[in-house]
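2 protein chains.
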Amino acid sequence: MNSSFLKLINHINRRIILTEDEQQAIIPHLNLRSYLKGQYIVQEGDVSRNETFIVSGKVRSFYLDDKGNEHIVAFGIEDWWINDICSYTTQTPAEFNIQCLEPTEVIQISRDKMEELFILAPKLERYFRLIIQKAYANMSKRIVNNHAQSAKERYLSFIGTYPDIANRVPQYMIASYLGITKEFLSSLRKQIHSDAKS
Amino acid sequence: MNSSFLKLINHINRRIILTEDEQQAIIPHLNLRSYLKGQYIVQEGDVSRNETFIVSGKVRSFYLDDKGNEHIVAFGIEDWWINDICSYTTQTPAEFNIQCLEPTEVIQISRDKMEELFILAPKLERYFRLIIQKAYANMSKRIVNNHAQSAKERYLSFIGTYPDIANRVPQYMIASYLGITKEFLSSLRKQIHSDAKS
DNA sequence: CGAAAATTTGACATGACTCAACTGGAGTGG
DNA sequence: CCACTCCAGTTGAGTCATGTCAAATTTTCG
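In order, the protein sequence lines correspond to chains A and B. All residue numbers for the first sequence refer to our numbering, where the first residue is 68 and numbers rise by one. All residue numbers for the second sequence refer to our numbering, where the first residue is 68 and numbers rise by one.
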């Protein structure tokens, strides 16, 4: 089996149990696709037509406010699903952009194919439910932490929790993800370094 | 059929199609329960053992930080599901409290019963997937809005979107939900009133 | 009516933003 | 190999949004 597809199948098998037949039946519904750095998987205003699983690479999902400022909603790396779920489920124009920060390889499943898959293997409903539940729980904690912690604490916690992301994306994006300005993040880092020395 | 159960069945039927038989089969798995104002449906440290659907009343889900400050994660009203999903799915101690703000009637389904239900009517996996997807999409927007908007804008948008909640919970809880202090919210309201007059 | 809870007020402190300038790489092309 | 540009990151001064604390006031409700 193609190793990218295998990666997804393994991801599924870690949460539900697929028979050999089911695994084989799923494969033809999957669509492998490559993006270059900077390319968009979903653009604001377009309708998101696929569920997207990241095989390798790195993406960000962001929102552009009225003043033209970017607000990063989420990063996505290897083994994560990423989408504008609202646009996908209601087939309305996306509010978020999803852009590749590196050359990125993904597996996509169109809505139609997805419905076929759910008929083929209804267990997949459970798989996606579990995935999204996890994402929801993380979002809830993020909301709370945004309120309960200072920017400095959030930054330290971010680089502790996601070192692989923190090391591989520009700082101004981390600032945006945390909801602070790049200048302020810069001064926080300065503080942190001098804290460490003294 | 008991009218509370009917309320849930209708809620389900608005998203998926249940046969008459399935509807009848679901009922015995449901558990009706009443709470008084102030009572806890889930307490921090306990394990959440049920999915909980609110038939009537009003609840809040909140987190207590190290300094003892409350941070409201969500409100729940009629026709909403509310839970500490993380605790429920992993059967680990809850980080959030879920407390009734009024006398509240709920329908609960234990994990075991839920598994039975999923076997009985696998479509329910889809129903819960759709519910949680919606909640996730809302959370994402909330994160963005917390970053893109000022406290005043968030407050106005909150009372516009959820007037029924805004009118029925104390202001200090709205402040907590928005991530600001009750004093600051008070001064925002003063501004808003004087804006309106001039 | 009286006590407790919720809200408001005001003085003051500070975390975080703005803006503009500067530094320092990483290409790129001559 | 240098000059040039572009982009990310840093700095610092000034400002604004929001927080803190303590007290006064209003509302709720037994």
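No lab work stands behind these hints, which were simulated from the structure alone. It is possible that part of the hints are untrue.
No distinction is drawn between identical chains; accordingly, a pair holds when it is met within one copy or between any pair of copies.
Mimicking DSS-like on lysine-lysine, the simulated pairs with C-alpha atoms at most 27 Å apart in a straight line are [stated by the list, open to error]:
| no. | residue 1 | residue 2 |
| --- | --- | --- |
| 1 | K249 | K74 |
| 2 | K249 | K104 |
| 3 | K180 | K257 |
| 4 | K125 | K208 |
| 5 | K104 | K125 |
| 6 | K104 | K208 |
| 7 | K219 | K125 |
| 8 | K257 | K190 |
| 9 | K257 | K104 |
| 10 | K104 | K190 |
| 11 | K249 | K190 |
| 12 | K201 | K257 |
| 13 | K249 | K201 |
Note that the structure is a prediction, hence the values are computed from the model and not measured.
Numbered hints the structure breaks, given as an ascending list: Hints 1, 3, 8, 9, 10, 11, 12, 13 contradicted; others consistent.
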